[in-house]
Every structure is written in structure tokens, then in C-alpha cells.
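**Student:** Keeping their order, the protein sequence lines are chains A and B.
For the first sequence, the working numbering begins at 2 and goes up steadily by one.
For the second sequence, the working numbering begins at 106 and goes up steadily by one.
Take the hints with a grain of salt, since some may be wrong.
Unchecked claim - The following residues of chain B were derived to be distant from chain A, with all beta-carbon distances above 10 Å:
id: 1; residue: 301
id: 2; residue: 317
id: 3; residue: 326
id: 4; residue: 344
id: 5; residue: 345
id: 6; residue: 353
id: 7; residue: 359
id: 8; residue: 384
Claimed, not checked - What the simulated footprint calls covered on chain B by chain A, stretch by stretch (three residues with Cβ under 8 Å from a Cβ of chain A suffice, anywhere in the stretch; the number is not a length):
id: 9; stretch: 304–315
id: 10; stretch: 360–369
As the list claims (entries may be wrong) - Under the rule of at most 27 Å between Cα atoms (straight-line distance), these lysine-lysine pairs were calculated in the DSS-like manner:
id: 11; chain 1: A; residue 1: 83; chain 2: A; residue 2: 71
id: 12; chain 1: A; residue 1: 93; chain 2: A; residue 2: 71
id: 13; chain 1: B; residue 1: 308; chain 2: B; residue 2: 337
id: 14; chain 1: A; residue 1: 39; chain 2: B; residue 2: 337
id: 15; chain 1: B; residue 1: 337; chain 2: A; residue 2: 55
id: 16; chain 1: A; residue 1: 55; chain 2: B; residue 2: 308
id: 17; chain 1: B; residue 1: 337; chain 2: A; residue 2: 27
id: 18; chain 1: A; residue 1: 55; chain 2: A; residue 2: 30
id: 19; chain 1: B; residue 1: 308; chain 2: A; residue 2: 39
id: 20; chain 1: A; residue 1: 71; chain 2: A; residue 2: 101
id: 21; chain 1: B; residue 1: 308; chain 2: A; residue 2: 83
id: 22; chain 1: A; residue 1: 55; chain 2: A; residue 2: 27
id: 23; chain 1: A; residue 1: 83; chain 2: A; residue 2: 30
id: 24; chain 1: A; residue 1: 30; chain 2: A; residue 2: 71
id: 25; chain 1: A; residue 1: 83; chain 2: A; residue 2: 55
id: 26; chain 1: A; residue 1: 93; chain 2: A; residue 2: 27
id: 27; chain 1: A; residue 1: 30; chain 2: B; residue 2: 308
id: 28; chain 1: A; residue 1: 101; chain 2: A; residue 2: 113
id: 29; chain 1: A; residue 1: 27; chain 2: A; residue 2: 71
id: 30; chain 1: B; residue 1: 308; chain 2: A; residue 2: 27
id: 31; chain 1: A; residue 1: 71; chain 2: A; residue 2: 113
id: 32; chain 1: B; residue 1: 308; chain 2: A; residue 2: 71
id: 33; chain 1: A; residue 1: 93; chain 2: A; residue 2: 83
id: 34; chain 1: A; residue 1: 83; chain 2: A; residue 2: 27
id: 35; chain 1: A; residue 1: 39; chain 2: A; residue 2: 27
id: 36; chain 1: A; residue 1: 113; chain 2: A; residue 2: 30
id: 37; chain 1: A; residue 1: 101; chain 2: A; residue 2: 39
The hints are simulated quantities; they were obtained by calculation from the structure and are not laboratory data.
Ideal placement from N, C-alpha and C gives every residue a C-beta, glycine not left out.
What follows is the residue order along each chain.
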Amino acid sequence: MKRTIILVSILIATNCYADQVRVVYKPDKSVAVIVPSKGGDYETKVNRCMEESKLDGLPYDDIDSSQLPKDRTNRRFWEGEKGFGVSVNQAKADTYIPPKTLEERIQALEAKTP
Amino acid sequence: MRKLLILAFLLLTTPLFADEFTTNYNLRIPSIGGRDWQPTISRDIVSMDTILYAVSQDSAKMTYVSSDVADLKTKTTIISNDISYYPISIISHDMGIVSTDTQRHKASIDIISDDISFVRFYKLPRAAPSGNAVISYDGSTLAWKPIYDQTIVSYPLSVANGGTGSAVGYTVVSNDVGELKSKTSIISSDAVNSFIKAWANIKGDGTAINDSYNVSGIVDTASGQVTVTWDKDFSSVNYACVSGIDNTGIGVMMPGGIVQAAGSALITAVRWLNGNNEDPAFYYVIAIGDQ
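In isolation and in its complexed conformation, chain A is listed as follows:
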């Protein structure tokens, strides 16, 4: 039983490490999520990504990807703060008016046509 628990713990820990991502908190509260490629040194890779995307120097958390919001419908409203994780700014999401589809634009133009 003890061995089974240890094995399960190792498997869970390994899996968590494999899905580790870095969440960088931007000054406007929006977040960038860095996912390193497989293999190699996690720290080296995510630091390289931060540097290349000019995110270096910003606060960040290394978290398991399962801690990110599951629904990406409102990805543009993801916000976060170091130590507090990532969440959806529902107020912004509720008041967001999506751009019209091409068909809606055509209908609008046709309605204006004399």
C-alpha cells in the first residue's frame, strides 16, 4: 500500500512538472502564458521566451497549466496578479460587444441602401 502511494505521488508530481507553465503579469493586468517545449531546462527556456517577448522583468508565477481557466472563450479578459493566479474579468466580458460578422455587416449595409 505504501509503495502504491509513493508511486502514485511520483506519477502525479511528474505529470504536474510536465505541464508547468509560467504566467507573466503585465502592467495592464492581462497575462501572458509561457509554455516551454519538451525536454531541456525549464528555466532556460521560459526565460528565453520572456526575453524574446520583452516580458523580462515583469512579475510571474510558475504554475500547473490546470490552474488556468478552463474556458478560453474569454481569453482576452484573463487577468492576474502575482500570487493570486489567473481569472476572468467577468465584468469586462459581460459588457464586451463582439465585432459583427461579415453577414451582419452586409445586412447592415443593405439596410442603409435606399
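With chain A fixed as given, assemble chain B onto it according to the hints.
**Tutor:** Only chain B this time, still in chain A's reference frame:
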């Protein structure tokens, strides 16, 4: 009379001895320390027909091939003026030396040293020996031994021809071309320029890189866009980057614009009806160019 008989005997036996050379032989450099600097003959390794020679003072080193191609590419160059003339190729750390006959070289063999600093280049006779330990490789008669070519390799050989040698390692070489090709790759600069330098298969929600090459990671900043960071930068932004998407089950979408930097590329996916960036099922990206 006795002298005459000895002379006659020598005359009769020398051609027979020379005939043996014409069948098969392999050059092997003797080890150092008081031994004459002369190749010895081993008829059981290389046939004259295939003309592949191994030169080594240590038979244990003769078949070593490095599998670290990346390291070799940074340190080595292939030496050969003419494969048909010099049927072996040896790798040197001297980057100034290149093959003048790339086509034939590529069609032939590549020989990799495990110790670049020890490699030396030799001209080897291409014709079979025509006499007792004498061979002609270019019309002139030369002693049958490797001839060090100082016009090709800049540093001097520290073993005197015909004498006893000081410490020099001779790295070479397998005559098993198939094995060499399976383990190594020597790539011309022309070929390298045409290779895909980076690629990735990325989960569309930006949460995982399914597989990749030369990619450090991705940065997900919004729906329908990820920045792919290259592990090794391109030399400029003037490389070719192509992206694609898989939109299975998520409606009609297409790849959007790409914003390239030397060290990264922002790739996007858009829904064509409204032009909005949205997550595809997968992103695919490849990049080709100078690094």
C-alpha cells in the same frame, strides 16, 4: 656462382611479392617509439577494388565515428581534392580547407574523427604497387607510404617519413561506408541553407507544444495568437516562416498574419467571417533561413 644464384632467386621472387600487393592491401601506420615509419600491409581488410584505406597507429581507434554531428559541424570540414584520386576523406579542424569536388565527395564517404586535433591528411597511392614497396600515384615513383601534404594541412607532421616517429595520433576511419553513413552526416553549407531550421506543432489553445524542433517555447497572449520563440535565432528577420492551422470542429478559420523577429514569430489564426483571432485546434509552423 653463389652470388648469381642469390640474385636470380631475388629476381624471381620480387615480382611474386609485388603481385601480392596488387590484390588487396590496407595501410596501417606503425605505432611510435623506435619503429620504422613504414606502413605495413594487411590484405584482409580493404580490397584494391573499393580503395578505402584506413590509417591508424591504433587499430582500436580505426573505426570510431562520432555521432555528435552538431559538434562536428562546428569544428570540422571535409578534406578532399578528388575522391577518385584520394579515396578517403578525413575531417580536419582547419576550417579553411574544403573540398573542391563536393558532388563527388558527397557521393563518396565521409570520415569522422573523434579527436579533431589529431587528424592529418595524406595522399594515398591510387595505383597498385608495381614493385617492392614502391608505388606510383601520380606518374612519379614514390616510396609506398602515406605522403603528408603540407599544401593542404597547415601544421607540420611530426613524424619523419622513413624514420622513427614521435607522438602523433592517426585518427580514421571505418571502411564500412554504410555504417558511416548511418551514423554521421557531413553537410555542405549549400545543403544547410535549404534545411528547415525550426518547426512546431502547437495545441491551438496555447497550452502545449506537441512536438517541435529548435523551439524554446510559446507565449500565449490572446485567443488565436501565439509567439513561437526559436531556440537558435535566425541571422535576421529575412527568413521564411510559414504557418498553418487545423480547424477541425471549430468552423471556418485560416492562418492569419505572421510577425517575424530574428528570435521569434507571432503566428495567428482568424475566423474568416469576421476576421477575429480565435484559437484553432492546432497551429503548425516551419521556418527556413540563415542562422
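**Student:** Find the hints from earlier in the document that the structure breaks and name them by number, from lowest to highest.
**Tutor:** 2, 3, 8, 31, 36 and 37
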